[in-house]
Amino acid sequence: MTLTTDATPEAEQVIARHNGVGPAVAGLTTSAVGVAGVWIGLAGVLGAPRAVQIDWLVPLIGVALQLDPLGGFFIALTGAVAVPVGVYAIGYARREHLGVVPLSVLPLFVAAMLLVPAAASVSTFLLAWELMAAASLILVAAQHTRPAVGSAAVFYAVMTQLGFVAILLGLMVLSAAGGADRFADLSAVTPGARTAVFVLTLAGFGSKAGLLPLHAWLPRAHPEAPSPVSALMSAAMVNLGIYGIIRIDLQLLGPGPRWWGVTLLAIGAVSAVYGVLQASVATDLKRLLAYSTVENMGLIAVALGAATLLAASGAASAATVAMAAALLHLTGHAAFKCLGFLAAGSVLATTGLRDLDRLGGLARRMPATTILFGVAALGASGLPLGAGFVGEWLLVQSLIHATPHHTTALALATPLAVGAVALTTGLGVAAMVKAFGIGFLARPRSDAAAEAREAPTSMLTGMAAAATACVVLAVAPIVLATPLRRVLAVVPASAGADPSGLGTVLHLPGLAGSMAPGLLAVFLVVAVLAAVVASRWGSRRRPTPAMLPLWACGADDLTARMQYTATSFGEPLQRVFDDVLRPETDVEVTAFEESQYLVAKVAYRARISDVLQDLLYTPVVQAVTFCANGIRRAHTGSVHLYLTYGALGVLIVLLVAR
Amino acid sequence: MNLMSYLAGAAQITGVALGAPLVIGVTRQVRTRLEGRVGGGVAQPWRDLRKQLRKQQITPHGTTAIFTAAPPVLAGTTLLIIAVAPLVATGSPLDPVADLFAVVGLLFLGTVALTLAGIDTGTSFGGMGASREITIAALVEPTILLAVFALSIPTGSSNLGAIVAHTIDNPAQAVSLPGVLAFVALVVVIVAETGRLPVDNPATHLELTMVHEAMVLEYAGPRLAMVEWASGMRLTVLLALLGNLFFPWGIAGPDPSAMDVAIGIVAIAAKVAVLAVLLAGGEVFLAKLRLFRVPELLAGSFLLALLAVTAANFFTTRA
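Here the protein sequences line up with chains Y and L, keeping their order.
Per the numbering used here, residue 1 is the first one in the first sequence, and the count goes up by one each step.
Per the numbering used here, residue 1001 is the first one in the second sequence, and the count goes up by one each step.
FYI, nobody ran anything at the bench for these hints, they're computed from the structure.
Incorrect hints may have been included.
Stated by the list, open to error - Here are some, though not all, of the chain L residues that point toward chain Y, as calculated from beta-carbon distances under 10 Å:
| hint | residue |
| --- | --- |
| 1 | Leu1106 |
| 2 | Leu1109 |
| 3 | Thr1121 |
| 4 | Thr1155 |
| 5 | Asn1159 |
| 6 | Gly1281 |
| 7 | Gly1282 |
| 8 | Phe1285 |
| 9 | Ala1287 |
| 10 | Leu1291 |
| 11 | Leu1297 |
| 12 | Gly1300 |
Cβ atoms here follow ideal geometry from the backbone N, Cα and C, with glycine treated the same way.
Throw the hints in and build the complete structure from the sequences for me.
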């Protein structure tokens, strides 16, 4: 008895010591890599372009790196996401007992992501890309003992490698047609090769960015990955898919023809609407955020498509605004999505729940996390004072100012695009109200939610840093004016107009229209205070304020089960968009034996699966399985048979080579 | 822009803030008279507000700061919209701060605040109202933005002052095909957004059919007064905006004299009064739609707005 009591504190100390050092080292290293990334990235954006060639690192081809404004922008953005995530990871890893492997891979993953935009040649780019994919895969599979994680990891592995194959093929065609390995040395390619590269790289980069129909890994991998990893993937890694499209398709091969613009616009619009629809009916908090990433990447693709289309139609000013919208929204999305996943992670760490239907009432138990998630949700809903507002405003402005140069394609594409963006914003508001309102307000819907504890200081510090970024981007996007101008100048589609009007008051370059997010915030605060003062009227005659029970239409004892849940909150939207979402609902009524009219129990089951995944992926998987089964017949395990195959193979090679 | 512009701005804020309960009073009075009842008079909403403001401030158990903050946020966003909108004069000092898209954003910010307050109470009716309100709001958004788009095509800007000034210079604009289509779409949207018939019944006493009222069931006393006042202001400013976007005559210019401002005030008051009477008169003949028929109505208005934009895209030559 004494022995055991003596041994326990010692064992705890060992665990505590392990928990103390490992997460701190990993987290701080990640943040340090992030700080270095921000530093290098800003040097790339603001300074003169620099190139580095390291021949000894990889035999034969070497590693070619360069810093230019476009790459620097993405390096700085990735680094900026890694800083809060690193700080957050310290506390998260302690609570969730992350192992040595994910902790040591975390900084490597950030470093690999920083390397991708710095690559100056096709071979280096592919190397960095694969390094990033492998590192992210290890992190997704960190808690692989749970079956859901295992299947999500396999799914992610397959999709990311297929995407890599598409990029590999695309860049090989580019390299062969352009006659060089380094991006800077590529010569003009033939139209056929150009089209092939566009299609292949769009598929590859689109799958990384989560564009339809290659989005299916996002809602599966994001919920199962540890939350800091989800934040890194959703706020930094998917951006690199967009980077690939801008760098390869819009810069090296650009400015693209009109149909590239229309393609990007259509894919983006469909992704945005589909993503937000799924988000507005999702009940898993992290799945909802993952679908919101699909939505926002869709909006960015719409902006890229609009920029291409407008530039090809001769509307240089509007094209510049569209490209600025893409970059600004990318930055805003990185800020609020990073914060969103981190806050969801702190809920998950203390309650073990991601299911909104069982959360609720967190505002009283964890007020800081609630406020921080609120900031993220406001950003994601694209409302004024949120980090996503300015980007979406610029996007809509670029679309409505296309008309003076109108061609029929443009005259039809812009209203539809505005409609899609507007529907996305509207449904995005609904999704985020659900995530915040049902998840954090009202009363707890389960014991785990009722016993939630506030996150530790390191997690709160990381989240507060991300929230500060959200607020700054929402009220003072002017901080990005200089970097934005440098980047816009190097992308062909947006090089036509000078975007210097984007100051405190955002004056559109060369177009009529203005908006001032900072002043809007100031005046709104003044107006709210004025309203508060107005409501003081007559307060001297009032009795003293009181805290009383809810009226609730006279109901006596409300239980938490009587509240609206995420499922019921999203039900009207689910019914309106029934044809797209195809929900499977199942109502089972059990009656008493005495009479079929006396109901004993009603069971309601609803499942909303990803329709596209069922329609597009299942047949492919079935076909692959079918082929694999066919090949298995030739694969009996007999050594004699294999020797025959070998001999036949050599024979064929000899015949062909002769 | 001169001193009178600021005066005009102050006049429109005070005018809407004080006049909003009267607009509600007018709609109720028209309705009661058409239904053959006597009614409480146009000033009754003001008397209600005064009564509620003197009542005890009640905070229900289990609610958070969201519940407390929602009414001021709703009122604040509405006040800011009033300050930005060109109601009395076109050259509002705040005109460059927010364009029509930002105004729509502010409108939604108010809606979201009230929705969250409805969820925050933790009652089934609060959640129900919130869920319905946000569904309608989400479906209204595309129509609003497309109608704004259609209005901004001839002007080349989505800033409100520019649109109004352009319509004054080109009166034919108001009766052009895109103009009419956008007008109808906006009317449907305003009806949906302010919770009037046939989307929502502002006079309902049956919880199961409520949308807006279900969210605010837990409010009482001064907070209820603020919600009702803000809702009245939303209706008033949207009607005034509708009036000035399509029939801007009488509005003072960017550099007005005292006489212009006086004419502007009278003109906007007359427009809002006429629109309020028409709205209430129309409501007498309408029954509330089933909730799941509302999306069909909104889809119809979306189509009108889309047609308006397409028509404007093809038929407009910019001045």
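Hint by hint, here is what the structure shows:
no.: 1; hint: Leu1106; verdict: holds (6 Å)
no.: 2; hint: Leu1109; verdict: holds (5 Å)
no.: 3; hint: Thr1121; verdict: holds (6 Å)
no.: 4; hint: Thr1155; verdict: holds (8 Å)
no.: 5; hint: Asn1159; verdict: holds (6 Å)
no.: 6; hint: Gly1281; verdict: violated (30 Å)
no.: 7; hint: Gly1282; verdict: violated (25 Å)
no.: 8; hint: Phe1285; verdict: violated (27 Å)
no.: 9; hint: Ala1287; verdict: violated (20 Å)
no.: 10; hint: Leu1291; verdict: holds (7 Å)
no.: 11; hint: Leu1297; verdict: violated (12 Å)
no.: 12; hint: Gly1300; verdict: violated (14 Å)
Taken one by one, the earlier hints fail for this structure at numbers 6, 7, 8, 9, 11 and 12, listed in ascending order.
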